[in-house]
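Using the hints, position chain B against chain A.
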Amino acid sequence: MKPKIAAQAGTFESSDVIFLIEPLPKGAGRKLELTSTVMQQFGESLKRIVVEMLDQFEMTDIHLIAKDKGALEPTIKARLETAIKRALGQQEGTL
Amino acid sequence: MLYIPGNNPAMIQQGGIYGADSILLDLEDAVALNQKDAARSLVRNMIKVTDFYDAEVCVRINHLSTPFGLADLEEIVPLQPSAIRYPKTESPEEVVELLKIIERIEDLHGLPHNRMTLHAMIETAMGVQNVFSIASQFSRIDAITIGGQDLTADMNIIYTPDGAGIDFARKRIIMAAKASHIDVIDTVFPDVNDEEGLRKETEYGKKIGFTGKAIINPRQIDIVHEVYTPTEEEIRKAYRIIKEFKANSAAGIGVFAIDGKMVDAPIVARAEYLLRLANVTVV
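These protein sequence lines are chains A and B, in that order.
Counting in the working numbering, the first sequence runs from -1 upward without gaps.
Counting in the working numbering, the second sequence runs from 460 upward without gaps.
One chain only, chain A, in its complex shape (with noise of 0.2 angstroms):
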């Protein structure tokens, strides 16, 4: 699926993570931009839970970006679930 519009879920705060999602031309596969303030010990764990849910919603040609703050794994998944949803234009939001 190719997202309608970006969009964007989530908060600059500690323990949050903000993602924005926008679609890119045909073809252009995924652009993955990920930083988050625990990178090395993390990082690793925030691209699988990225790319996991990417597949699952099979999203294609996207501009990803993703600026976390220590975000735990179930609020990660939420804040990607919501930005895609929005992105589908499945629910509505803010951007």
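No lab work stands behind these hints: they were computed from the structure.
In this text, all values refer to a predicted model and were calculated from it rather than measured experimentally.
Possibly wrong hints are sitting among the right ones.
Claimed, not checked - Simulated crosslink set (DSBU-like; lysine-lysine; CA at most 30 angstroms straight-line): (1) A/LYS0 with A/LYS83; (2) B/LYS559 with A/LYS83; (3) A/LYS67 with B/LYS507; (4) B/LYS507 with A/LYS83.
To be verified - Among the chain A residues that face chain B by a calculated CB cut under 7 angstroms, a handful are: (5) SER12; (6) SER13; (7) LEU70; (8) THR73.
From the three backbone atoms N, C-alpha and C, an ideal C-beta is built for every residue, glycine too.
Frame of chain A, contents of chain B only:
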């Protein structure tokens, strides 16, 4: 009961460590309108895996008249938190509709209809008027609570520290809860810096019959616990009453005296209640 905004991951993940008896993950007034979807997803994901230790986990959903209430139920009911708190409950008919939806979702997921309970929140003048019919008819409602801030708004009055404007409502709600044999929880004390005011309001609430109090900050937990926890002296006195009652009952005596004071059925019932609260068994 500690209120925790449903869109705040830091507060949710720490919710269980403060020692509150229960936590309320709030999808309603604590969440901005354009973040309802985010909060719902966060609460759902957090409840699944977070250890809240001994605290009961309740979720306040949005009212079914809003665009969010049904989605809240569809995502939260399958998780079967201890309770769902329903805001601005005004009539038993509303509760019937709410329960129909909850039970439909539970049937879809193969869940029983008697595990998760409901708290009815009374926050309007109409709700206060109808509170007994709300509290008494539904076995799944095990608590009613008063929402002081919304009630004063509905009444077009200002909330004052002495609680004068909502005193009648408090007492009417308490009486309905007592007649229905369910818990009744007082409204929050909004000034987190006024510990003396919190203690005074909590003591008054206990005196008139509330069985607990909602709070908005972990700093308020200790004071509320101190007020509602039976003291050692109260426990000893209750223990003695029950011990004497058992001995006198065995001898066929219904009314007796302890230290010159009459002890009859109501005094015994109160002592039994206190010992249950303190989790003490008379041997």
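Status of each hint after checking the structure:
no. : hint                  : in the structure
1   : A/LYS0 with A/LYS83   : holds (11 angstroms)
2   : B/LYS559 with A/LYS83 : holds (28 angstroms)
3   : A/LYS67 with B/LYS507 : holds (22 angstroms)
4   : B/LYS507 with A/LYS83 : holds (20 angstroms)
5   : SER12                 : holds (6 angstroms)
6   : SER13                 : holds (4 angstroms)
7   : LEU70                 : holds (6 angstroms)
8   : THR73                 : holds (4 angstroms)
The structure agrees with every numbered hint stated previously.
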